[in-house]
Amino acid sequence: MISNPFTSDTFSTIWSKHFSPSVSATRFGFLKTLFFEKHQFLPLYINYGKTHTKGISYTIENSDVEEIVGKVVLIYDVPTYFTTAELPKNRIKRYQIQQYPGFLIDLESYRDVNEYMVGTFKKSSRYKLNKYKRKLESCFDINYKMFHGEISKDEYESIFASFNALLTKRFDEKQVTNNNLEKEEWDFYHEVAYPMILEKKAGLFVIYNGNLPIGVTLCYFSEEILFDAITVFDIDYSKFHLGSVTIMKLIAWCIEQKLKIFDFSKGYFDYKVRWGSKKYDFEYHILYDSKSLIAQVLALAIALFFKFKQFLRDKNVNEKLHRITYKLKNKPDKTIEKFRYTLFEITEDYQNEDFVEINYGTAENEFLKTIVFEFLYLKNESQRNLKLFRSSTHDNRFLFSGIDNKVMVEVV
1 MISNPFTSDT FSTIWSKHFS PSVSATRFGF LKTLFFEKHQ FLPLYINYGK THTKGISYTI
61 ENSDVEEIVG KVVLIYDVPT YFTTAELPKN RIKRYQIQQY PGFLIDLESY RDVNEYMVGT
121 FKKSSRYKLN KYKRKLESCF DINYKMFHGE ISKDEYESIF ASFNALLTKR FDEKQVTNNN
181 LEKEEWDFYH EVAYPMILEK KAGLFVIYNG NLPIGVTLCY FSEEILFDAI TVFDIDYSKF
241 HLGSVTIMKL IAWCIEQKLK IFDFSKGYFD YKVRWGSKKY DFEYHILYDS KSLIAQVLAL
301 AIALFFKFKQ FLRDKNVNEK LHRITYKLKN KPDKTIEKFR YTLFEITEDY QNEDFVEINY
361 GTAENEFLKT IVFEFLYLKN ESQRNLKLFR SSTHDNRFLF SGIDNKVMVE VV
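Note that the sequence shown ends on residue 412 in the UniProt record's numbering; no numbers are left out.
Think of the hints as simulated: they come from the structure by calculation, not from any bench. Keep in mind it's a predicted model, so treat the numbers as computed, not measured. The beta-carbon is built from N, C-alpha and C at its ideal position, and this holds for glycine as well. One or more hints might be untrue.
The list that follows gives simulated cross-link-like pairs (lysine to any residue, SDA-like), each with its CA atoms no further than 25 Å apart [to be verified]:
1) Lys-183 / His-39
2) Lys-200 / Glu-155
3) Lys-278 / Asp-112
4) Lys-239 / Asn-209
5) Lys-32 / Ser-57
6) Lys-260 / Thr-59
7) Lys-145 / Lys-169
8) Lys-145 / Tyr-208
9) Lys-315 / Gly-276
10) Lys-307 / Leu-293
11) Lys-309 / Tyr-76
12) Lys-169 / Asn-143
13) Lys-258 / Ser-244
14) Lys-169 / Met-146
15) Lys-131 / Phe-121
16) Lys-153 / Tyr-208
17) Lys-369 / Tyr-144
18) Lys-123 / Ser-138
19) Lys-309 / Asn-180
20) Lys-153 / Thr-168
21) Lys-387 / Arg-134
22) Lys-249 / Lys-279
23) Lys-369 / Thr-342
24) Lys-272 / Thr-83
25) Lys-260 / Asp-281
26) Lys-249 / Leu-212
27) Lys-128 / Asn-209
28) Lys-266 / Gln-99
29) Lys-123 / Tyr-377
30) Lys-135 / Lys-379
31) Lys-200 / Asn-164
32) Lys-239 / Phe-389
33) Lys-260 / Asn-114
34) Lys-260 / Arg-274
35) Lys-89 / His-285
36) Lys-133 / Ser-277
Have a look at the derived ranges for each label pair, beta carbon to beta carbon [unchecked claim]:
37) Lys-320 / Arg-170: 17 to 23 Å
38) Val-356 / Gln-257: 47 to 53 Å
39) Pro-21 / Arg-274: 39 to 45 Å
40) Lys-123 / Lys-329: 45 to 51 Å
Sequences are here, hints too, so could you generate the full structure?
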């Protein structure tokens, strides 16, 4: 791969600062593009980045293979669609252990996003996807921006604060832990993304409602590939399918920038299958000295360990574990409160009822946001024209008023 962002000096240096501060970097002449950290006790060397990259590429130089003597080298997350380095005919052997699935879109043959949509989806599906985008843009003051090569520090900090808040909100709703929100990991992403954006090796794609970020995607770039690293949307906008809208906008951006691949990266999700044109696998590569008994045994043990982890993953043990760890880390009162509501047309029974206008943007009325967005979606009204009123006699009764529609809402 040309210009892999995950082997860049910036990524490697900042990753080392956060995850391997006390261990000196090791470089091998036969693996010139990678940095490694040595295991404290074993003759094992692990690539910088570990599982925090979205794809490692490497080549093997024949001239310095004697450096492998007595050693094992572990390289995480090598996508199978990358060209695999050929092994020299000497003492180096390799295990390639399949781990997570990955999905990508090959964009090389498409001139624009519409051409991709026609080639990928049926007419009815294209209509729905475009309808989501039209609805979103008609109901809200929507604008899109890719920060790539330029962003002020203040704006960056503001977006990252929203990024964290949206991720926290999303996974509190799912009641599942998310590794990206662990302090050590989040601090790393927070520090590494800014300089890499300025270097055009990373980007932040943001969907705004007015000045408020409602969707954020952190991505990385090689010369030909966009890697989707972390994506999140405000769950209050779920009816508007922000995920599909984001993918359409990113496809269009990739084609405009002449990028050949939009890589959804590791992990199985239905949307990746639906949008992707190719499935691949992430592999862990274990290079070892085949003439050293210690290296042979160690390499085999590592290979068996990762095969066992994949077996557990196939049985969804990891998902169950994430739910358990969430419950252990979070108090019950952090669970999002559920409520029911009914929307109905105004009748004569309510004509004489007194209503007082309220601001649904306050913390007190935050629970109304989901209902507001459903009203906007169903009635095709714009947020800028919406007014809300609370009944002076029934605290759970509200009047929603747009340009063309008025409805009564009762919250149970």
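Hints, one by one, checked against the model:
1. About 23 Å separates the Cα atoms of Lys-183 and His-39, which keeps this hinted pair within 25 Å; it holds.
2. With a CA separation close to 17 Å, the supplied pair Lys-200 and Glu-155 stays within the 25 Å bound.
3. With a C-alpha separation of about 19 Å, the suggested pairing of Lys-278 with Asp-112 holds against the 25 Å cut-off.
4. Of the pairs offered as hints, the one joining Lys-239 and Asn-209 holds, with about 15 Å between alpha carbons and a cut-off of 25 Å not exceeded.
5. Annotation: proposed proximity of Lys-32 to Ser-57 holds, straight-line Cα distance about 11 Å (limit 25 Å).
6. For the hint linking Lys-260 to Thr-59, the alpha-carbon distance of about 22 Å falls within 25 Å, and the restraint holds.
7. For the given pair, Lys-145 sits about 22 Å from Lys-169 by alpha-carbon distance, which is consistent with the 25 Å threshold.
8. Restraint check for Lys-145 and Tyr-208: the C-alpha separation of about 8 Å stays at or below 25 Å, so the hint holds.
9. A hinted pair counts as satisfied when its Cα atoms are at most 25 Å apart, and Lys-315 with Gly-276 qualifies at roughly 24 Å.
10. For the proposed pair Lys-307 and Leu-293, the alpha carbon gap of about 21 Å is at most 25 Å, so the pair holds.
11. Distance check on the hinted pair: Lys-309 and Tyr-76 sit about 14 Å apart at the alpha-carbon level, within 25 Å; holds.
12. Under the criterion of a C-alpha separation no larger than 25 Å, the hint pairing Lys-169 with Asn-143 is consistent with the structure, at around 22 Å.
13. For the proposed pair Lys-258 and Ser-244, the alpha carbon gap of about 21 Å is at most 25 Å, so the pair holds.
14. Distance restraint check for Lys-169 and Met-146: the Cα-Cα separation of roughly 23 Å lies within the 25 Å cut-off, and the hinted pair is therefore satisfied.
15. Using a Cα cut-off of 25 Å, the hinted pair Lys-131 and Phe-121 holds, with the two alpha carbons roughly 14 Å apart.
16. Under the criterion of a C-alpha separation no larger than 25 Å, the hint pairing Lys-153 with Tyr-208 is consistent with the structure, at around 18 Å.
17. With a C-alpha separation of about 22 Å, the suggested pair Lys-369 and Tyr-144 falls inside the 25 Å cut-off, and the hint holds.
18. A C-alpha spacing of about 22 Å is found between Lys-123 and Ser-138, which places the hinted pair at or below 25 Å, so the restraint holds.
19. For the suggested pair Lys-309 and Asn-180, the alpha carbons sit about 20 Å apart, so the restraint of at most 25 Å is met.
20. The straight-line distance between the Cα atoms of Lys-153 and Thr-168 is roughly 22 Å, inside the 25 Å bound, and the hint therefore holds.
21. A C-alpha spacing of about 22 Å is found between Lys-387 and Arg-134, which places the hinted pair at or below 25 Å, so the restraint holds.
22. Only pairs whose Cα atoms come within 25 Å are accepted, and Lys-249 paired with Lys-279 is accepted, the gap being roughly 21 Å.
23. Annotation: proposed proximity of Lys-369 to Thr-342 holds, straight-line Cα distance about 14 Å (limit 25 Å).
24. A distance of roughly 22 Å separates the Cα atoms of Lys-272 and Thr-83; the hinted pair therefore holds under the 25 Å criterion.
25. A threshold of 25 Å between alpha carbons decides the hint, and for Lys-260 with Asp-281 the separation of about 19 Å falls inside it, so the pair holds.
26. Of the supplied pair hints, the one linking Lys-249 and Leu-212 holds, its CA atoms being roughly 18 Å apart against a limit of 25 Å.
27. A threshold of 25 Å between alpha carbons decides the hint, and for Lys-128 with Asn-209 the separation of about 21 Å falls inside it, so the pair holds.
28. This hinted pair checks out: Lys-266 and Gln-99 have alpha carbons roughly 9 Å apart, not beyond 25 Å.
29. Among the hinted pairs, Lys-123 with Tyr-377 is consistent with the structure: their alpha-carbon atoms are about 22 Å apart, no more than 25 Å.
30. At roughly 10 Å between alpha-carbon atoms, Lys-135 and Lys-379 fall within 25 Å of each other, so this suggested pair holds.
31. Among the hinted pairs, Lys-200 with Asn-164 is consistent with the structure: their alpha-carbon atoms are about 22 Å apart, no more than 25 Å.
32. A distance of roughly 23 Å separates the Cα atoms of Lys-239 and Phe-389; the hinted pair therefore holds under the 25 Å criterion.
33. Of the supplied pair hints, the one linking Lys-260 and Asn-114 holds, its CA atoms being roughly 16 Å apart against a limit of 25 Å.
34. A threshold of 25 Å between alpha carbons decides the hint, and for Lys-260 with Arg-274 the separation of about 19 Å falls inside it, so the pair holds.
35. A hinted pair counts as satisfied when its Cα atoms are at most 25 Å apart, and Lys-89 with His-285 qualifies at roughly 17 Å.
36. Taken as a hint, the Lys-133 and Ser-277 pair is honoured in the structure, with Cα atoms around 22 Å apart against an allowance of 25 Å.
37. One distance hint, 17 to 23 Å for the beta-carbon pair Lys-320 and Arg-170, holds here, with the actual separation near 19 Å.
38. Judged by the Cβ atoms, the range 47 to 53 Å given for Val-356 and Gln-257 holds: they are separated by roughly 51 Å.
39. Checked against the hint of 39 to 45 Å, the pair Pro-21 and Arg-274 passes, with Cβ atoms roughly 41 Å apart.
40. Range check, Lys-123 to Lys-329: Cβ separation about 46 Å, and the 45 to 51 Å hint holds.
Going through the hint list in order, the structure satisfies each hint without exception.
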